[in-house]
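Enquirer: Following the hints, position chain D against chain B.
2 protein chains.
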Amino acid sequence: MTVQLEAFRKGLFDSGLLIPMGVDGLYGRSETFESIGTAFDALVSRTGAADKAEVLRFPPALSKQVFETTGYMASFPQLAGTIHSFAGNDKAHAALMRTIEAKEDWTTTQKATQVVAVPAACYPLYGPLGARGPLKPEGALFDVFSWCFRHEPSLEPTRMQFFRMREFVRAGSPEQVQQFREAWVERGKKMMESLQLPLNVDVANDPFFGRAGRMLVTNQREQALKFELLVPVIEGTSPTACLSFNYHQDKFGLSFKIRKSDGETAHTACVGFGIERVILALLATHGYDPQKWPDRVRSALWP
Amino acid sequence: MTVQLEAFRKGLFDSGLLIPMGVDGLYGRSETFESIGTAFDALVSRTGAADKAEVLRFPPALSKQVFETTGYMASFPQLAGTIHSFAGNDKAHAALMRTIEAKEDWTTTQKATQVVAVPAACYPLYGPLGARGPLKPEGALFDVFSWCFRHEPSLEPTRMQFFRMREFVRAGSPEQVQQFREAWVERGKKMMESLQLPLNVDVANDPFFGRAGRMLVTNQREQALKFELLVPVIEGTSPTACLSFNYHQDKFGLSFKIRKSDGETAHTACVGFGIERVILALLATHGYDPQKWPDRVRSALWP
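Going down the list, the sequences are from chains B and D.
Per the working numbering: the first sequence ends with 311, consecutive numbering throughout.
Per the working numbering: the second sequence ends with 311, consecutive numbering throughout.
So here's chain B without its partners, still in its complex pose (with noise of 0.2 Å):
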């Protein structure tokens, strides 16, 4: 069941559950809204336990150094976050000011800093993976979650600028990283069914930039690198992608030199949790009361 959008967006901020903060995809959140999202990240959590993943937490943001080794500029520069400061002395502040004053644009002068608001939860974690030195035989499994950032301002509730996303993340060889991915499109599945939200697994293509980008969506689809579960909200629009699973091959493996214990490159792969997206469908699926869900959708969130 979807929601018309308008009709969305009225029916959250109205009950309170998202805060409009005078920008197209930054809002606050209610204790209700809060609630389901930490309700659903400790279902991940037990959906996952046997595993025992390392838990690690990241920042919002990585290094510039680091960032540039990810090549995320190449593939979505539109969507990246640069941050920058003034760097100036006590006459360039006072010019600064009068701009500010003046209702003109004052951001032309400021720098970029050595930090980069982090794209997606699994970034930071390569780097110090990487330098850790070779891994066990058995590969790596991490616990990560992070506030991450995407310049895409849209009237939809489900796409917003700064956004939760929790993931496990594997590191070993091609069958330990694929079969990781392939068991966790199973538990996915079951666990959102748990929440009685209607879904779909496909195979998915990102929005890489400009022309050379569509060499890399044929690219992805055609070796399958992403899949997402997908949950229709928005009348009109295509479903939400909710979860991902992707399969890196060895990029990070490559760009970070995180190697297996006999020393080749390893491969990665992860799987996401969308906080804010799950939060949206199971609103738009059961309405905006929690306490009106149905019981077994309460009880799974809830046990």
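The set of hints was computed from the structure by calculation and includes no laboratory data.
Careful: at least some of the hints might be erroneous.
Copies of the same chain look alike in the list, so a pair counts if it fits in one copy or across any two.
Stated by the list, open to error - DSS-like mimics (lysine-lysine), calculated; alpha carbons at most 30 Å apart, straight line: (1) K144 - K18; (2) K18 - K72; (3) K234 - K197; (4) K234 - K99; (5) K60 - K300; (6) K99 - K119; (7) K60 - K18; (8) K197 - K99; (9) K99 - K72; (10) K144 - K99; (11) K99 - K259; (12) K72 - K234.
Expert: Then chain D, alone, in the frame of chain B:
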């Protein structure tokens, strides 16, 4: 008991509590580090529970227009972080990629987006609060929590570029908000004493920018607008401000049209809890293994 800076960094990195990310002031966190923060955050919740604050959560950015309204660029331009993106076409992207590959500065063509990193957890609150219309006669109380950005690269782990801040924010009459602040100075002291941290509360001054900033410092001290709860952490440096108690007078009330029930401009105050700084103060004081901390500290954190 303070620790020497280099020994502290080595202790935190060797134990894996913090993970270097290639730039000063950005670090990954281990599960143990996070568990201390979660426990402290819950202690703050218990300490303030009786007040029944309204819980709101905001992403780590706010709109540029709201940011301008806060006046932050007048006081702390050197700390603020504007978020910039690539806004060009295929040809510009090709040029950008050549610049990156040549290891030259590729950030000069980035354009400011409509969002700015949050400098303090309460900043995103005031816009929506003003938009709600006049306060009730008893005023209002909020519970916020956010990742915050400040551009101040430092070797001191207690001075991160991205860190988490929990806050309670009170809006109402001058008497209401000053009473709130005074009550929290006492509560904060008791709460931190229960963690057996050596502490001191003192009038504080913010790092206002430049020559004009010196007047602001004097004003802030003379009017006692800011108190800090300080814990000695790093040898040979000033003690670390772990909590702060701020009286904004009518600054945010005027800027964001926050009004009392009688139509007059509301005053605001906040108490802020620096999550990472408290964790680091505990580690410096009681050692790197929370399992070996004094029983009374452990039972205050994990009752």
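Enquirer: When the hints from earlier in the document are held up against this structure, which numbers fail?
Expert: 8 and 10
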